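Now for the letters of each chain:
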Amino acid sequence: MYAQMVKSEATQDDPDKLVAFQARIDAGEKIEPKDWMPEGYRKTLIRQIGQHAHSEIVGQLPEGNWITRAPTLERKAILLAKVQDEAGHGLYLYCAAETLGVSRDELTEMLLDGRMKYSSIFNYPTLTWADMGAVGWLVDGAAIMNQVPLQRTSFGPYSRAMIRICKEESFHQRQGFDIMMKMANGTEAQKRMAQDALNRFWYPSLMMFGPSDKDSVHSAQSMAWKIKMNTNDELRQKFVDQTVPQAEYLGLTVPDPDLRWNDDKGGYDFSEPDWAEFFDVIKGNGPCNVERLAARNKAWDDGAWVRDGLMAHADKKRARQMAAE
Amino acid sequence: MSKQWPLWEIFIRGQHGLNHRHVGSLHAPDADTAIKHARDVYTRRNEGVSIWAVEAQHIAASSPSEKGPLYEPSESKVYRHPTFFDIPDDVGAM
Chain A
1 MYAQMVKSEA TQDDPDKLVA FQARIDAGEK IEPKDWMPEG YRKTLIRQIG
51 QHAHSEIVGQ LPEGNWITRA PTLERKAILL AKVQDEAGHG LYLYCAAETL
101 GVSRDELTEM LLDGRMKYSS IFNYPTLTWA DMGAVGWLVD GAAIMNQVPL
151 QRTSFGPYSR AMIRICKEES FHQRQGFDIM MKMANGTEAQ KRMAQDALNR
201 FWYPSLMMFG PSDKDSVHSA QSMAWKIKMN TNDELRQKFV DQTVPQAEYL
251 GLTVPDPDLR WNDDKGGYDF SEPDWAEFFD VIKGNGPCNV ERLAARNKAW
301 DDGAWVRDGL MAHADKKRAR QMAAE
Chain B
1001 MSKQWPLWEI FIRGQHGLNH RHVGSLHAPD ADTAIKHARD VYTRRNEGVS
1051 IWAVEAQHIA ASSPSEKGPL YEPSESKVYR HPTFFDIPDD VGAM
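Heads up: the sequence lines are chains A and B, in that order. So for the first sequence, my numbering puts the first residue at 1; every next one is plus one. So for the second sequence, my numbering puts the first residue at 1001; every next one is plus one.
Simulated from the structure, these hints should not be mistaken for lab results. Be careful, since some hints might not be right.
Stated by the list, open to error - Estimated spans, in silico, between C-beta atoms of each pair:
no., chain 1, residue 1, chain 2, residue 2, range
1, A, 295, B, 1045, 21 to 31 Å
2, A, 325, B, 1086, 58 to 68 Å
3, A, 309, B, 1035, 14 to 24 Å
4, B, 1017, A, 68, 36 to 46 Å
5, B, 1058, A, 178, 37 to 47 Å
As the list claims (entries may be wrong) - With a Cα cut of at most 25 Å, we get these calculated SDA-like pairs of lysine to any residue:
no., chain 1, residue 1, chain 2, residue 2
6, A, 30, B, 1061
7, B, 1067, A, 25
8, A, 226, A, 148
9, A, 43, A, 12
10, A, 30, B, 1062
11, A, 316, B, 1062
Please read these numbers as outputs of a predicted model, since none were measured by experiment. The beta carbon of each residue, even a glycine, is placed where N, CA and C say it ideally should be.
Please model the complete structure; the sequences and the hints are all you need to start from.
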């Protein structure tokens, strides 16, 4: 899940309009940008879609780290394609957010100065090639878990962006699992790397779904508005139930001594991640927070002359054309 | 702050002779760049063989408040659909 702890905005609109709006959502209608919507709905969505978009963009950094060091040309081309997809996903989401009346530059600046967040997961380092496997398998796996239901979200542009993203996302998870299979069936050293990657990414992946439902205060309104489709714990359970058999297939051990199948609930019992660590990472104290934001700021600043230059060139051409007409 | 690139709406025609279809939007300084960006963003998996880029500010759109007056009249005209007419089975396919 790329949007964590998105605070629902209280809304102070005309009660009659609110009732009619909720009725539209309950009837399964899509809300489109020019339709009337509560201010809280608009603001919460900008925050959620913006955070999701930022996560796609910042999410390029841990994987970009390995593009030049991929073990084969084929793996390099695949990783490059994957990272390119993430840029595309960021674009679709920024465009969806823009329909709510915020510009992409405003969103970017809010990311760069820390007013907006991105997913906690991207503040962890990618130390070995096996991490590319673990990120695709676990991180993209967790993202898919959240994004598939969001295809049915009430806001039309968000829903359409999700549909497009989901189509591309399963390539990401499969390429990750493919790397894990190769490593897990490789030499002893490769197998150790695969296990180490799983050890480091397991709990941060569980954190992606956000705090436990008992501590998650923002869910009710967002769920009524259908901009959140499942609770954090529901999705986390689903993710564990899906992922544990895959780890077994790989011959790897999930780093949780209390993990066991529970016949009564038809799912696994598992340990919760360290929530103190989660809140600390969100606050900016994860292993890579500073590095990630510095990289985004540098890219934005270094690219300024290109953006300005192309705009100036386009303006000049347009002016010449007008003069000629 | 420098000026943001304008917004373009992108339409793509697939390979099977269907209409250009709206696929999304992007920012670009001019039409040529918009098409290049659209190629990179929206046709990475053979989605199309033709791209239209239209600057978003040039698109005129109907307003949601006109929904009633615009579309309701067609709701009462069921005879515009072929299924309105009962053709006896004896007549054969029509």
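Verification of the supplied hints:
With their beta carbons about 28 Å apart, residue 295 of chain A and residue 1045 of chain B fall inside the hinted range of 21 to 31 Å. For the pair residue 325 of chain A and residue 1086 of chain B, the beta carbons lie near 59 Å from each other, so the given range of 58 to 68 Å is met. Under the hint 14 to 24 Å, the C-beta atoms of residue 309 of chain A and residue 1035 of chain B, about 19 Å apart, fit the expected range. At about 42 Å, the CB distance of residue 1017 of chain B to residue 68 of chain A agrees with the hint of 36 to 46 Å.
For the pair residue 1058 of chain B and residue 178 of chain A, the supplied restraint of 37 to 47 Å holds, since their beta-carbon distance comes to about 45 Å. With a C-alpha separation of about 17 Å, the suggested pairing of residue 30 of chain A with residue 1061 of chain B holds against the 25 Å cut-off. Between residue 1067 of chain B and residue 25 of chain A the alpha-carbon distance is near 17 Å, which keeps this suggested pair within the 25 Å criterion. Between residue 226 of chain A and residue 148 of chain A the alpha-carbon distance is near 13 Å, which keeps this suggested pair within the 25 Å criterion.
For the hint pairing residue 43 of chain A with residue 12 of chain A, the CA-to-CA distance comes to about 12 Å; that is within 25 Å, so the pair holds. At roughly 17 Å between alpha-carbon atoms, residue 30 of chain A and residue 1062 of chain B fall within 25 Å of each other, so this suggested pair holds. A threshold of 25 Å between alpha carbons decides the hint, and for residue 316 of chain A with residue 1062 of chain B the separation of about 33 Å lies outside it, so the pair is violated.
This entry does not satisfy hint 11, going by the numbered hints stated previously; all others are met.
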